[in-house]
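Trainee: My request is simple: use the sequences and hints to build the entire structure.
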Amino acid sequence: MKKVSARKRRRQRHINVRKQAKQRNRAGRLRNAYNLRKHSRYVKEEKDIFTKRRQQAIKKTYKRRPYNDPQEKVELNGEVGLEENIPGFLEIAQNMVDTRTKQLLIELYNCEFIFPSTIMLFCSLSEWIGARSQVHRPSEIRSSDSQSDKVNAYLADSGMYKFVGRVKSESNFSHDTEKLIPISIAMKPKSKTEFEKMVELRKDRILDLVKSKCNLSEDGFEYFACVILTEIMNNITEHGMPRQGTGWYEMAQYHERHGYVSLCLADNGIGIYESILSGPQADFVKHSLHRNPSHGEVIRFALEKSVTGALSADKKTGFLKKKYSRGANKGYGLKRVLEQCGNFGIELGILSHKGYIFYGSTGVLQQHGSTPKRIFAGTLYNLKIPAK
Amino acid sequence: MNIKIIDVGNEFYYRLLYRDSNQGVGTHTAEDFREKFLSFLDNPMIWSNSNPCIILDFSNVLEIGPSFANEAFAYFTRYDVSPKRIMQKIVFENISKVKEDIIKRELYDGYKRV
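Residue numbers (this note's numbering), protein chains in the order written: chain A, 1 to 388; chain B, 1 to 114.
Source of the hints: derived by calculation from the structure; they are not laboratory data.
Honestly, I wouldn't trust all of these hints.
Said to hold, decoys possible - Now the stretches of chain B that chain A is said to cover, found in silico as 3 or more residues with beta-carbon under 8 Å: (1) 15 to 26; (2) 44 to 52; (3) 60 to 66; (4) 83 to 95.
As the structure is a computational prediction, the values presented were derived from the model and not from experiment.
Ideal Cβ placement from N, Cα and C applies to all residues, glycine included.
Mentor: Set out below in structure tokens:
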């Protein structure tokens with residue numbers, strides 16, 4: 001056996017002692033960090049983590065990208081809208097929202113009828129591309145006129161031309177203003193009082209239309225105002241990001257022929273999927289579904305299990321079985337909306353970036369899923385309220 | 001103990017919609033309401049009996065949202081207080097069937113540990 005000199009043995013002992021000291025220090029730091037996280041005094045630090053995660057999600061979603069692909073054309077034929085043709089609408093939306101073309105041409109020549117959901121899609125698309133394409137080389141969206149005067153007039157009367165900054169072409173046709181609430185584009189007022197008045201005015205317009213045209217009882221109307229409209233407007237005003245307007249918009253149309261009022265409310269936020277997975281309840285969702293849930297799965301889970309993406313949301317705690325402490329679970333908003341829609345025969349559809357979910361008039365789930373490309377730049381709530 | 005009567009619609013606001021300053025417009029929130037009128041109930045000793053403490057008059061309230069009801073009233077279930085006890089201490093007057101149902105649903109769901 002080779003003899004190891006005393007000097008080398010002393011050196012090795014010294015290295016081992018230093019190594020053990022490093023390991024003890026590291027264990028102490030990890031223990032300290034765990035205790036800091038556990039202790040309620042440091043909840044503020046945890047909230048900062050979620051705020052940072054949310055900001056990263058916003059940055060990632062709205063990162064400016066080059067729009068260099070050659071010109072693309074999307075044709076809209078016949079009746080176009082989520083209200084009557086869900087698969088057709090999803091296909092058109094996928095071809096439009098995630099495009100990286102420098103010029104998108106929307107061909108409306110053979111379009112016979114446009115529903116409010118399509119108008120919302122156009123408006124959100126214009127905001128989306130404006131926010132994401134590069135400042136020095138912005139992408140362009142153009143649309144052709146339809147051969148139907150009615151469609152051209154609707155595009156103007158619905159507020160879409162004003163929203164995207166296009167001049168209204170002359171038309172002999174105009175829509176009944178009692179049956180239509182156009183999209184409005186308004187900058188967010190500086191004072192909170194003025195903003196409150198603006199929100200109330202827009203809400204009252206919707207309530208007046210629903211009261212005059214819809215087949216809801218007195219109690220039904222009160223549930224609609226207090227629960228359905230309030231909770232959805234709370235969501236879109238909270239998650240909308242002010243850019244060219246307030247970051248959220250609404251539109252409603254009474255369709256006499258189809259027998260319902262189509263109400264669309266939307267925001268331009270990061271979507272339900274990103275909101276929840278960057279919030280305090282992300283771990284619960286990933287633990288319950290799987291590590292990489294799809295957009296559709298997360299939206300369905302959020303509605304059925306009352307999960308929220310709010311940064312102030314509480315987490316489940318417990319040793320054997322995790323539960324919310326009393327008074328802590330706050331994510332019931334959309335669940336309440338869904339229950340009341342089912343009670344009053346209102347169909348509900350939600351599109352959020354790459355996910356979608358649709359409930360029938362009885363509140364039963366009809367379809368949900370995810371698409372490979374974005375179908376809406378933000379979150380869109382579409383309600384079909386039965387008319388008188 | 002003197003029972004306070006609060007005309008919610010006039011003394012606070014006629015639309016009770018937002019949970020906190022992050023939601024919606026962020027004005028007239030449930031947190032503001034609780035701080036202004038219900039802060040004395042943020043004490044576990046108060047809940048030891050079922051004597052009414054405060055009467056909330058809803059005659060001038062147009063709307064109440066579930067988020068507001070949850071943050072303003074279901075908040076007190078953290079003291080392990082049943083919804084029945086909360087409704088005994090906080091008396092709701094001149095309130096419609098729908099608004100009462102909205103508040104009750106939030107109390108019962110807030111009390112559940114799910």
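Trainee: All hints, please: hold or fail.
Mentor: Cross-check of the supplied hints:
1. 15 to 26: Holds, because 10 residues of the region 15 to 26 of chain B bring their Cβ atoms closer than 8 Å to Cβ atoms of chain A.
2. 44 to 52: Violated - the region 44 to 52 of chain B has 0 residues with a Cβ nearer than 8 Å to chain A, which falls short of three.
3. 60 to 66: Coverage by chain A holds for the region 60 to 66 of chain B (4 residues, Cβ < 8 Å).
4. 83 to 95: It is violated, with 0 qualifying residues against the three required.
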